[in-house]
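Participant: Chain by chain, the residues:
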Amino acid sequence: MTTNPDGQASNYTKTLLAGLWRENPVFRLLLGMCPTLAVTAAVKPALTMGCCVIFVLVCSNIMVSLMRNLLKPHLRILMFTLTISTFVTIADLLLKAFQPAMSEALGPYVPLIIVNCVIICRAEACASKNPMLTSIIDAFGMGIGFTLTLCVLAGVREVIGTGKFFDIRVMPDAFVPWAALTMPVGAFLTLGFLLAAANIISKKHS
Amino acid sequence: MDTVYILITGFLSVVLINNLVLTKFLGICPYLGVSGRIDMAFGMGLAVTFVMTLSGTLTWLIDHMILMPLGLEVTRYVCFILVIASAVQLVEMYLRKFFPPLYESFGIFLPLITTNCAILGLCLFLNLWGTESLLEAVVLSVGGGIGFTMAICIMAGIRENLMMVDVPEPLQGAPITLITAGILSLAFMGFAGII
Amino acid sequence: MRSIKHFFEQSWLLIVASFFFGLLIAVTNAALSARIAWNATAKLNTLAGGLLPSATKFTPLDETIDIVARGGKPQALQLYRATDNGETVGWIFTAVGSGFADKIELVVAVNGDLQSLAGFVILASNETPGFGDRIKEDGFRNQFKGVPAGELVISNSGEPGTVVTISGATVSSTAVIETLSHYLTQVKEQMQQKGLVDHDDES
Chain A
0 MTTNPDGQAS NYTKTLLAGL WRENPVFRLL LGMCPTLAVT AAVKPALTMG
50 CCVIFVLVCS NIMVSLMRNL LKPHLRILMF TLTISTFVTI ADLLLKAFQP
100 AMSEALGPYV PLIIVNCVII CRAEACASKN PMLTSIIDAF GMGIGFTLTL
150 CVLAGVREVI GTGKFFDIRV MPDAFVPWAA LTMPVGAFLT LGFLLAAANI
200 ISKKHS
Chain B
0 MDTVYILITG FLSVVLINNL VLTKFLGICP YLGVSGRIDM AFGMGLAVTF
50 VMTLSGTLTW LIDHMILMPL GLEVTRYVCF ILVIASAVQL VEMYLRKFFP
100 PLYESFGIFL PLITTNCAIL GLCLFLNLWG TESLLEAVVL SVGGGIGFTM
150 AICIMAGIRE NLMMVDVPEP LQGAPITLIT AGILSLAFMG FAGII
Chain C
0 MRSIKHFFEQ SWLLIVASFF FGLLIAVTNA ALSARIAWNA TAKLNTLAGG
50 LLPSATKFTP LDETIDIVAR GGKPQALQLY RATDNGETVG WIFTAVGSGF
100 ADKIELVVAV NGDLQSLAGF VILASNETPG FGDRIKEDGF RNQFKGVPAG
150 ELVISNSGEP GTVVTISGAT VSSTAVIETL SHYLTQVKEQ MQQKGLVDHD
200 DES
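Residue numbers (numbering that gives the first Met the number 0), protein chains in the order written: chain A, 0 to 205; chain B, 0 to 194; chain C, 0 to 202.
Same shape as in the complex, but just chain A (with noise of 0.2 Å):
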């Protein structure tokens, strides 16, 4: 690795990216299904839930980066997860404090934010190797990709499952809405038919 500033900043600029596109969690790596799956009926709550995860995950990279040269290796995930399921319930408190109707929206898949495969594989790719400053971008960068690969699902699904955007109507008055998109089957079909355009695109690039 180079010393010299301006190779460093490059680095980090090159892992806060990494995550947006070129490892993005849910269209390259396929992590984190579930929430985005489930979450994405509406813009808000997957906006909600990005958020949550970008807080879990720069708390407990941080976390794991601090304690990177004390860890055991057979006791490595037990500390991982206990360190993981401290934040998440953080997060439910904060959120059944300041935002009490997405977190009856969001209901169980906030605590599921633990067995988020793109947390945990966070901590054992990137914090429990790097120093602080690397892992809490690299959270950034990760939770970010994260975030905007579920609004733009859940843009999707709003979009022509309701005719609205953000609660906004947007479609003509004409156009009736498909409600199966709001529905389990209409998740499985975007993010289907999401991936394929993903495969496309990176297709073309390469």
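Treat the hints as calculated values from the structure; they're not laboratory data.
Each hint should be verified, as a subset may be incorrect.
[To be verified] Mimicking SDA-like on lysine to any residue, the simulated pairs with C-alpha atoms at most 20 Å apart in a straight line are:
1) 71(A) to 104(C)
2) 95(A) to 44(C)
3) 71(A) to 133(B)
4) 102(C) to 56(B)
5) 95(A) to 14(C)
6) 135(C) to 103(A)
7) 102(C) to 172(B)
8) 203(A) to 170(B)
9) 71(A) to 29(C)
10) 102(C) to 110(B)
11) 102(C) to 134(B)
12) 95(A) to 37(C)
13) 95(A) to 29(C)
14) 42(C) to 101(A)
15) 203(A) to 167(B)
16) 71(A) to 88(B)
17) 95(A) to 39(C)
18) 71(A) to 135(C)
19) 71(A) to 1(C)
20) 95(A) to 42(C)
21) 202(A) to 56(B)
22) 96(B) to 110(B)
23) 4(C) to 69(A)
24) 71(A) to 6(C)
25) 128(A) to 12(C)
26) 95(A) to 72(B)
Once you've looked at the hints, dock chains B and C against the given chain A.
Facilitator: Just chains B and C, lined up with the frame of chain A:
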């Protein structure tokens, strides 16, 4: 009689109508990853059913015997995930020691199960559904596992046939699996009115 | 002795971290629990206000009343008195019933004399979308306005004073009706015993 009726409707509901995979999106990762071959899928399903029953029962007991009387509900998530992780470890150790052939066949799936959202999801849903008795908790946990096994086996059966089909290139792999899952969940929606 | 030392060498981080995280959760919970409780009350008040539009103030009753919850467990029920310029216009309480392998929570409003139902709203439920959750629809809920408080009568003809279930959501809608009946009869009896409202005219 009333209890039996509640148990049967609860069981059918968690297997067919509120199927964890197809309506609650839990356990999608193994659902996409391990559904390539039907024998692997069945092994995974059995392992999940086993761990789910064990951890569903244990977490219900801990929730009702320790956390609720002491007012420690706020630590519920931490406790649940620790119980699941240790249950998985114990099962893995037990199988390796006493049933080596069984361990050979589905032991490889066990470490994956800790991060299977279906398990933690079911434990949380048991709490959310207001499960009143231990018996109900056990029945719903077994039902959740059977529902998962059923969904993953159906998917594996379809995917084995998909091997012989000419799928357009961008759709190959995960996309076509997701679209198939979508159509399956559409089929499962038909069960919604039966009870 | 050696094994104990080995144990601590291996796991001290885990033990320290457990204490630290426990503390972290406790602090967050202590800081936020007041606000979470306040949110719940605010939500109850908004929902109750929609059911009893004439009421201007909801005050919790000093004493709770003892009833048997659905499932047979004893429960201390908190009632709220809805008043308009000091005059009682209704009573509010929450009821919990089990639906489709699921818990349904209702906010129930009864008129001031406890003789008729003012309505109910679903506080929380997880019923199947498109089927069971039709219990949230106005068409189902409006038929409860003004029916005699007590054991509710299910009929298919829709006569006045009776209620109809939803076909396709029979379990969920029956659960709502049974929960209402279960709570209303007990609440009425207890309230009359305590002398908070008058006895029925017939008795």
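Participant: Is residue 95(A) close enough to residue 44(C), meaning Cα to Cα at most 20 Å?
Facilitator: 17 Å, holds
Participant: Residue 135(C) and residue 103(A): Cα distance at most 20 Å?
Facilitator: Holds: residue 135(C) and residue 103(A) sit about 16 Å apart, inside 20 Å.
Participant: Run the distance test for residue 95(A) versus residue 29(C): straight-line Cα separation, threshold 20 Å.
Facilitator: 13 Å, holds
Participant: Taking only the CA atoms, is the gap from residue 95(A) to residue 39(C) under or equal to 20 Å?
Facilitator: 10 Å, holds
Participant: Starting from residue 102(C), check that the Cα of residue 172(B) is at most 20 Å away, please.
Facilitator: Violated. Residue 102(C) to residue 172(B) sits at ~39 Å, over the 20 Å cutoff.
Participant: For the pair supplied as a hint, residue 203(A) and residue 167(B), is the alpha-carbon distance within the 20 Å limit?
Facilitator: 16 Å, holds
Participant: Between residue 71(A) and residue 88(B), is the straight-line Cα distance small enough, at 20 Å or below?
Facilitator: 17 Å, holds
Participant: Against the 20 Å threshold, does the CA-CA distance of residue 71(A) and residue 133(B) hold or violate the hint?
Facilitator: 38 Å, violated
Participant: Checking one constraint from the list: CA of residue 102(C) to CA of residue 56(B), max 20 Å. Satisfied?
Facilitator: 19 Å, holds
Participant: Within a Cα-Cα threshold of 20 Å, do residue 71(A) and residue 104(C) meet the stated pairing?
Facilitator: Violated, at roughly 47 Å.
Participant: Holds or violated: are the alpha carbons of residue 95(A) and residue 37(C) at most 20 Å from each other?
Facilitator: 11 Å, holds
Participant: Would you check the hint for residue 95(A) and residue 72(B), treating anything up to 20 Å between C-alpha atoms as holding?
Facilitator: Distance of about 14 Å is within 20 Å: holds.
Going through the hint list in order, the structure does not satisfy hints 1, 3, 5, 7, 9, 10, 18 and 21.
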